[in-house]
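**Q** These are the residues of each chain, in order.
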Amino acid sequence: MIRAEKLVKKYGSGELELVVLKNLDLEIKTGEFAAVIGPSGAGKSTLLYQLSFLDDPTSGEVYLDGVATSHLDQQEKTLLRLQKLGYVFQDYALLPELNAIENVALPMLMQGLGEQEAFRMAQKALSRLDLSDKNHNLPSQLSGGQQQRVSIARAIAHDPHILFADEPTANLDSESARPVMEAFRDLHREGQTIVMVTHEAEYAAFAERIISLKDGVIIDDGPWKPHARTES
Amino acid sequence: MNLLVSLRVGWFLALRQIKRSGKGTTALIVFIMTLTFLNLVVVSGLLVGLISGSFKQFREGYSGEVIITSAVGRDYIENSPRLLGFLENHPEVDGFSARYSVGAQVQGTLTNLPKKNERPNRIGARLTGIDIEREEAVTGFSRFVAYGENLRDGEEGYILIGSNLIKKYSSFADANIPGLDLLDDVDVGSRVRVSIARQNGDSVGKDFIVKGIVKSKVDEISTRFFITDTELRRFLPVNQEQFQEIAVRTDYAYAPTLVREIKNFTGSSAARIQTTDEAIPSFLRDIETTMTVLGNALSSFALVVASITVFIVIFINAVTKRKFIGIMKGIGIAPRAIQFSYILQALFYGVAGSLIGLVLTFGVLKPYFDAYPIDFPFSDGILVATPEGAAVRILILLLVTLAAGYIPAKLIVRKNTLDSILGR
Numbered sequence: 000m001i002r003a004e005k006l007v008k009k010y011g012s013g014e015l016e017l018v019v020l021k022n023l024d025l026e027i028k029t030g031e032f033a034a035v036i037g038p039s040g041a042g043k044s045t046l047l048y049q050l051s052f053l054d055d056p057t058s059g060e061v062y063l064d065g066v067a068t069s070h071l072d073q074q075e076k077t078l079l080r081l082q083k084l085g086y087v088f089q090d091y092a093l094l095p096e097l098n099a100i101e102n103v104a105l106p107m108l109m110q111g112l113g114e115q116e117a118f119r120m121a122q123k124a125l126s127r128l129d130l131s132d133k134n135h136n137l138p139s140q141l142s143g144g145q146q147q148r149v150s151i152a153r154a155i156a157h158d159p160h161i162l163f164a165d166e167p168t169a170n171l172d173s174e175s176a177r178p179v180m181e182a183f184r185d186l187h188r189e190g191q192t193i194v195m196v197t198h199e200a201e202y203a204a205f206a207e208r209i210i211s212l213k214d215g216v217i218i219d220d221g222p223w224k225p226h227a228r229t230e231s
Numbered sequence: 000m001n002l003l004v005s006l007r008v009g010w011f012l013a014l015r016q017i018k019r020s021g022k023g024t025t026a027l028i029v030f031i032m033t034l035t036f037l038n039l040v041v042v043s044g045l046l047v048g049l050i051s052g053s054f055k056q057f058r059e060g061y062s063g064e065v066i067i068t069s070a071v072g073r074d075y076i077e078n079s080p081r082l083l084g085f086l087e088n089h090p091e092v093d094g095f096s097a098r099y100s101v102g103a104q105v106q107g108t109l110t111n112l113p114k115k116n117e118r119p120n121r122i123g124a125r126l127t128g129i130d131i132e133r134e135e136a137v138t139g140f141s142r143f144v145a146y147g148e149n150l151r152d153g154e155e156g157y158i159l160i161g162s163n164l165i166k167k168y169s170s171f172a173d174a175n176i177p178g179l180d181l182l183d184d185v186d187v188g189s190r191v192r193v194s195i196a197r198q199n200g201d202s203v204g205k206d207f208i209v210k211g212i213v214k215s216k217v218d219e220i221s222t223r224f225f226i227t228d229t230e231l232r233r234f235l236p237v238n239q240e241q242f243q244e245i246a247v248r249t250d251y252a253y254a255p256t257l258v259r260e261i262k263n264f265t266g267s268s269a270a271r272i273q274t275t276d277e278a279i280p281s282f283l284r285d286i287e288t289t290m291t292v293l294g295n296a297l298s299s300f301a302l303v304v305a306s307i308t309v310f311i312v313i314f315i316n317a318v319t320k321r322k323f324i325g326i327m328k329g330i331g332i333a334p335r336a337i338q339f340s341y342i343l344q345a346l347f348y349g350v351a352g353s354l355i356g357l358v359l360t361f362g363v364l365k366p367y368f369d370a371y372p373i374d375f376p377f378s379d380g381i382l383v384a385t386p387e388g389a390a391v392r393i394l395i396l397l398l399v400t401l402a403a404g405y406i407p408a409k410l411i412v413r414k415n416t417l418d419s420i421l422g423r
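Heads up: the sequence lines are chains A and B, in that order.
Per numbering that gives the first Met the number 0, the first sequence starts with residue 0, numbered consecutively.
Per numbering that gives the first Met the number 0, the second sequence starts with residue 0, numbered consecutively.
The hints are all genuine.
Below, a list of computed lysine-lysine pairs in the DSBU-like style, where the Cα atoms sit at most 35 Å apart:
(1) LYS83(A) with LYS322(B)
(2) LYS21(A) with LYS320(B)
(3) LYS123(A) with LYS22(B)
(4) LYS322(B) with LYS9(A)
(5) LYS322(B) with LYS213(A)
(6) LYS83(A) with LYS409(B)
(7) LYS409(B) with LYS9(A)
(8) LYS414(B) with LYS21(A)
(9) LYS414(B) with LYS9(A)
(10) LYS28(A) with LYS322(B)
(11) LYS320(B) with LYS123(A)
(12) LYS83(A) with LYS18(B)
(13) LYS76(A) with LYS320(B)
(14) LYS414(B) with LYS123(A)
In short, the hints are calculated from the structure, not lab data.
Chain A on its own, in the form it takes in the complex:
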């Protein structure tokens, strides 16, 4: 589904050069739920940005459905994100002037769907996340956990090939975080491919595959192990 080949990401230059990802190879298969874990500065989020086309690698290639993407311009990458990817941000990232259903419907409107159809699909996505009674609430009228679930609904409503989640529980208490992680688990069970970055072992356990990163290199890649640690 998505494959990174000899991925390098550097920041700065000369003496100030910082290599965050070092010749990293990785493949995520269709239907997988992978958690990227590792200590702070390991390059987890940077890896996610490269895989989701939010950032361009210094070198290397990312293949989506077997097609190389390094030659795409920003407009094409924006279109790719719209059509094939879903993204859940750490701080929910809902647009404050749009209510829940409008936030969820927005990407589908951009895809060219009519307002009625987009809202129908948005409502369906919100129902999947037990938020059907919050359709018309503005983000400021929702709790953190509810906002994050709206964010997930927005990311999945258009049926993306891959769902990326960047520390989706980092801003939530455990009570709010659990329903969010259960939502990811349920989506995975329904066949959704998910790549999630987290530093919390408890939530990494929801994934079937754990990719451990340290200093820009994958140090471990395999099924969840109870002793896996996310931070050094």
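Please arrange chain B on chain A, whose structure you already have, making use of the hints.
**A** Here is chain B on its own, set in the frame of chain A:
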């Protein structure tokens, strides 16, 4: 990505951002745009209106829509009776007033001779003979009688004097202009002696009682003497209708056609035939042009201020929402759609400001200034605002607003998506 889809998403976002953003901020921006519109329309409209007011008074109080005067080098309008017959039977002529007009000297002090080295209390001006009823129908002459009474039809021995000929009433009295003699100690009820020169070189005089003082910002009224036309005919004397002026009332838009028709009827050398606009002195036209330029210059400043205001508002709005702009791009919203949303917001401010400005201009200010003109020494200033002129200014304002909304939106939207999301 499809332009229409981007436009639709831009509209979707803009509508909600306007609806759900702070009401106070929106009201303030719309208020500024309204002031800008008023600055564009009203300031220049009032400046031009100072002169246009005098044109209007000239037309309504003196010339009518068409003014016929003696041709250059002629003493009177040739074939006057035939011309009057033509005007009488013309279906588009609502009325006309034919006037006799002759140069005259008026002496104010009749009892005492001037002392040695003292100039006589005398002034020269045009003496105009009017048909009271016709003049009233065409110019509403009686409204200019500020003191005393108007003449009656066929009345003899009475005269009306323009206020600018009498020291007591003239606005030039304190100007100390060399050679400018004004009548002293003359008021309603005074006796004055009018002298006119006949064609054979003789001079003839007659005493009149001042029945009234006529006051107007139209010089042709405030610097003349008026008696009835029947009396002036006997005074001159003339045996037939040989008029010097004919003011014709018709539809303003029809005036150029009527001028052509009269010229065809009389021949162009029989008289000088002009629309009221043609009869207005060129220096007044120059002042009008200057006022227009001045008004446009002030409007330009207003436009610059408005564009900077919209720019700052949209820029601050976009900068504070930079993270959300990044997120929108992150989830695949086309930059063009985001730009559209900001442009549409800017347009909303422009349209709302213009609409409120339109209502204020045509619903409040124009009727107000029509009812209560600004009292300037040379005119009654009105507000000149036409729907066409307002439409052009709205268009300019919206174009400026569009640019002022587009540039900051473009600046923010083109920033790196990830940097925007992470606030770097």
